[in-house]
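Asks: Here is what each chain is made of, one letter per residue.
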Amino acid sequence: MNTQTLAEQFTPKQITTIEADPQVLKLRYSPDGNTLAAACCDARIRRWDVTSDQWKELSPIQGHHGWTQAIEFSADGRTLYSGDSWGELRAWALDADEPQPRWTVPQAHDGWLREMALSPDGKTLATCGADKTIRLWATADGSPQAAWQDKDNEDLYIVRYSPDGTMLVAGDRKGYVWQWEVASGKLVRKLDASLLYKYDRIQDVGGVFSLAFDAQGEQLAVGGNKPKNGATIQGIPTLLLYNFATGELAHTHELGETKDCDVMDIHLHAAGFFLAAISGGPGQGKVVLMRGGDAEPFFTETKIANVHSLAMHPSGKRFVVSGTNKGSNGNGRRLNKEGEYPNNTSPIHLFALSE
Amino acid sequence: MLRTTLLPCTLVATLVLACVARAEQPLHQQIDAQLAAHAGGPLNGPAGDAEFCRRVHLDLIGRIPQPAELQAFVTDSSADKRAKLVDALLASSEHPTHMASVFHVLLTERLGDHELWQAWLLASFQQNKPWDQMVREMLTPHLEDDPARGAGLFLSKRLENYGENPVDYPGLVRDVGRLFLGVDLQCAQCHDHPQVDDYLQVDYQGLYAYFKNVKLNSGAKFPSVAEQPLVSKIEFQSVFLLEKHEVALRIPFGEEKMLELFEKGQEFATPPDNKTNFPGVLKFSPLRILANDLPQANTPGFSRNIVNRMWWQLMGRGLVMPLDWHHTDNPASHPELLDALVREFTAHEFDLRHLVREIALSDAYQRSSTLPAGADANEIAETSYRVAIEKGLTPEQMARSLWTATGPWSDDKQRAELTASCVKSLALPPREPEVEFAPSVKGALFLSHDKNVLQLLEPHDGNLIERLTKATDNGANNAAAIEEAYAACLSRAPSAEERTAVNAFLDAHASARAAAWQQVVWAMLSSNEFAINH
Amino acid sequence: MPCTPHEHLCSRRAWLGATAAASFAASLGPFGAHAVAEQAQRKSKQVLFIWIDGGMSQLESWDPKPHTRFGGPLRAIPTSVPGIHFSELVPRTAKLMEHLAVVRSLCTKDNSHSAGVARIQRGDPKNRGVTYPYFGSAVAKLLGPGESGLPPYIWIKPGSGGFIHQDAGLLGPKNGALAFGDGQPPENLLRPDTIAETYDAERQELRALLNQRYASQHRPTASEANSYVYDMAHALMKRQDLFDATRLDPRDVERYGSHDLGRHMLQARNMLEAGVTFVKVNSYGWDTHHDNFNAHMSLMPKFDQAFAAIIEDLAARSMLDNVLVIALSEFGRTPRINGAAGRDHWPEAWSAIMAGAGLRKGLVVGKTNDEGTFVDSEPFDIGHMFHTWFTALGIDPHKTEYNNHGQPLPIAHDNCRAVEELLA
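Protein chains in written order, with numbering that gives the first Met the number 0: chain A, 0 to 354; chain B, 0 to 533; chain C, 0 to 423.
A portion of the hints provided could be inaccurate.
What the hints assert, rightly or not - Below are the DSS-like pairs computed for lysine-lysine, each with C-alpha atoms no more than 27 Å apart in a straight line: (1) B:LYS256 with B:LYS232; (2) C:LYS237 with A:LYS131; (3) B:LYS243 with C:LYS125; (4) C:LYS237 with A:LYS325; (5) C:LYS237 with B:LYS423; (6) B:LYS274 with B:LYS263; (7) C:LYS94 with B:LYS450; (8) C:LYS108 with A:LYS336.
What the hints assert, rightly or not - Per the computed footprint, the stretches of chain B lying under chain C, defined by three or more beta-carbons under 8 Å from a beta-carbon of chain C, are: (9) 145-158; (10) 334-343; (11) 365-372; (12) 427-435; (13) 443-453.
Hints were generated in silico from the structure; no laboratory data involved. For clarity, every value in this text was computed on a predicted model and none was experimentally measured. C-beta atoms are modelled at their ideal positions from N, C-alpha and C, and glycine is treated no differently.
Chain A with its partners taken away, still in its complex shape (with noise of 0.2 Å):
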């Protein structure tokens, strides 16, 4: 599909949007598409029956601390598998009105649990995090399988498994791609995308934010930024896409300025497209659908600031991203009407693609 087409049929309409309090860390859609799940900071998980645009919302999940970031569904919708800042693994059964866990793992990693991946199969969680370690989990009942690490690799920001199961990915915070043979337990290989990583002053800056594949594993997205420097950071929102096959990079994205930082989340769209989300500095932000290897994308929403987590609806129609509210920085004590000293909320955004 060229560019002209994919901007016809794919051009998003917003549909609605809903506050979150406190933050969005992740959002997932159930695989019948009748559920939402969102991360938040507060530790807890949220839920939405979504099967009308009149979301409903239904129990929360809670038992973790910090914050939860890392969820998935199990393919058959009965189980969702979530992991916090403080290292806990959860798998909770989704069939009564309250969720009850069906197992844990109290300290699957030492410190921050940051993402985590299901196998195609089904049957194997991949967990990575702040100990620097990927660690794969029976998805039955949480009993460890494997842990891997390299000498080299730093902080493991993201996994993925390749659409064939064959293979894990991981980005870390010097922004390396490292694959591991799933079946060996042997890495493989080391992509170099540490133009989305700078050492400045004492700071590890940036670092690979977002891994995706393509539905048929031939192509893998990269999402950072490009630092120019650390602290209150400022760096070009980069996507690179490999040829998963070759390891060869394809085309590098720059979709943005230097205030608009990290491409958070990538989803890579069966019709040829990628949709980006992405935050800048406080306030700044975006979503961008692109044809990869195009000069511009054919959409790009700025109206929506500091979007952390993008979910594509499985019937790849809708999506959702979630923002940040307005003015969510400040400098100093700021109350508000009530006198009282607030937090931040994440707005649900609610997009069509158009056909």
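Given chain A's structure and the hints, the job is docking chains B and C onto it.
Replies: Leaving out everything else, chains B and C in the frame of chain A:
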């Protein structure tokens, strides 16, 4: 109060002074009479010829004497040789150069520079331009096609932005008060001065009014400022009191001058021209009024300030200290003397060279700085002027003296680099008035290690090190060479002990003569004796 | 700054008054002489001042609020003192809590860097229309260079170095900092290769002879001032090892960290051992408006490593009794987490960590509320800290004054007081 004491000072002073010194005496004799009358102890004897010769060279032409100049002076047996030397130095082409450098530092406090400013300073001292005229030129907004146009730097530099800071108008007002009137009004900006009864908020605000609508005219090719019409009085209120006040134009401690208003569009006698960056000439121009009204004999503090500063320049201590702290409760150490100086300066139409000459001819200036045998330094107050006060060499004096001592040199670029590096390493930061001798670790390291200094110790084309090395190659002429080194660097003869010590040092380093002389000469150039104008 | 009276003139004159030891007496108030006598007996008091520029997050360091609304993702860990917890990002420092004192109830005024950096380091004195000295200049002035003869205020920082006069404020440029930019010495400090050591010693001896003669004939003021700076320059030159990075022990570098902060902290230890009165170490780049947590996960371990190493070393060398160690920023960071996962500027409720000379050990003073948003005990401004620090150094802030052109000025904010709980 300042108001009552400053205005009729001439009259009062005349009456008072008549008791002590006769007005028809030359000024330098009045100086000595005044100081002697209040000395409170024995006056030190006159400086030796060499001591005087070095001091007067440094003060009048900004460098130490060359050995030949020193020799000629010391061997001159005429009775009036000191007066002759003063006059010769004042007449030399180096005097205006030195004065330009002194006034550059005094007036800019190292905020910045411009070649036209330097040209104006030099020309002013070459012509011995009266001080009132210099000030008038500095306060005039835009002197296109005028040879004095570099004078605009005094205002333009202070109207620049520094980084993200807004233009420092209070700083400008403060500097006009400090440098032209000897009063630091900054603490009177927001209220009457908390410590000084004489400094009222209206003194600050009235002076500020002249500058309120003045801006940097950055497009002009020379230092220039532009003025917009002043259409209303300055309103002000003390931060301590509720009462509101207003003032139009008012030179501190003077009479208020009312504004003249013109209809909008009719304010300019000559309208501005943006194409040529000509800022226009206002029919009612506060700045031109200030340029006319401030440099006047009857402006309180105008003459006192500069007279006191020139006295400080030569004598090492102002009659009023700090130099910008003239007020009733901080009287001069010798009020009658200051009045006499002011009177003479005004009578001589603000002639700086005359003033400098008279001070330099005084016995007080020519006294020795060497403490009398057995004297306790703590018991001889500087304010008595009984012993000459030591002054630190300015960075510019240091550069010229290093150059003079170690030369001859001919490379102008090397000279410029030496001067620049001396300023960089020895000067205080911008806005820090260079009033006291303020040596620093940075300066010590500079004189110890900097390539611009060490270069002066390399033997080269008949320069000092080469002459000394050659003269002592065979070890025969040590004595004469030692004499020469002392004359060149310290402007004096070595003592017997010094002769012996240096001779022994040279003998011990017979195999490396040039290196040994470098060590000896460096020791002299980095000595306290060299760094101090004594 | 509305007014700047004649502080420079009088302070500089005073400084020039005599040798270093006697000079500050002249500029201190009526109690000056008394203060000098006291100080002569405890000349070994020193300060290590670690300036974390941009604003360290109190929540990711000394005052964690795990699993609360604003607590962020990180855990808290126990320290070596039961009941006291730090963020998981400072495990090494946590093990040394028995040496440390933490204040969790700082509540200061400025939420901008431009105002905060200067006001915190100047102790935010009541506005008297003069520019107060930074703490380093103040201590250098009040304690002097000590027996080492080394410059009393040395600043080790990334970037460029030189002679930084601005810190001195009303004390005059003399009391500014000598800054080692990225550990490198300032211009002209190193003897050029062409000047051999013996050659230099000989020429210095000749210089001393000349100075002796001059001094015997003149007032002492000017020549002593000039000799003093040469002596200080010479003392510094003799200790070239202090800024020669190639001479750092590799085992020390490994313990402190090979990053800027680790190397600079190690140099600071060596300078303190050499007897420098006040050493300031700067770390830049802490203004984490964006990605605060990943930033602190990268920054804090480096701080933890270097800070723990120097505390260990100072303790092991029994220097902690005499060296006052202070680490702080211009403010803390907002509890509220902004859209960029950052934290903004927060002077309302933040923490500082300190140790050593004159302070109690192993305690936390003050607390914030459960969500860490505001102080929930008596709030302390920076003026309280200045009172506390001066007192800990044996300088009585009620009896010691600056003399600003005849106007006596308190050395710390007159509305504040020392925090008694902190003082040993």
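Asks: Determine for every hint whether it applies to the structure shown.
Replies: Structure-based check of all given hints:
no., hint, in the structure
1, B:LYS256 with B:LYS232, "holds (10 Å)"
2, C:LYS237 with A:LYS131, "violated (47 Å)"
3, B:LYS243 with C:LYS125, "holds (26 Å)"
4, C:LYS237 with A:LYS325, "violated (59 Å)"
5, C:LYS237 with B:LYS423, "holds (24 Å)"
6, B:LYS274 with B:LYS263, "holds (22 Å)"
7, C:LYS94 with B:LYS450, "violated (51 Å)"
8, C:LYS108 with A:LYS336, "holds (22 Å)"
9, 145-158, "violated (count 0)"
10, 334-343, "violated (count 0)"
11, 365-372, "holds (count 3)"
12, 427-435, "holds (count 6)"
13, 443-453, "holds (count 8)"
Hints 2, 4, 7, 9 and 10, counting from the list given before, are not met by this structure.
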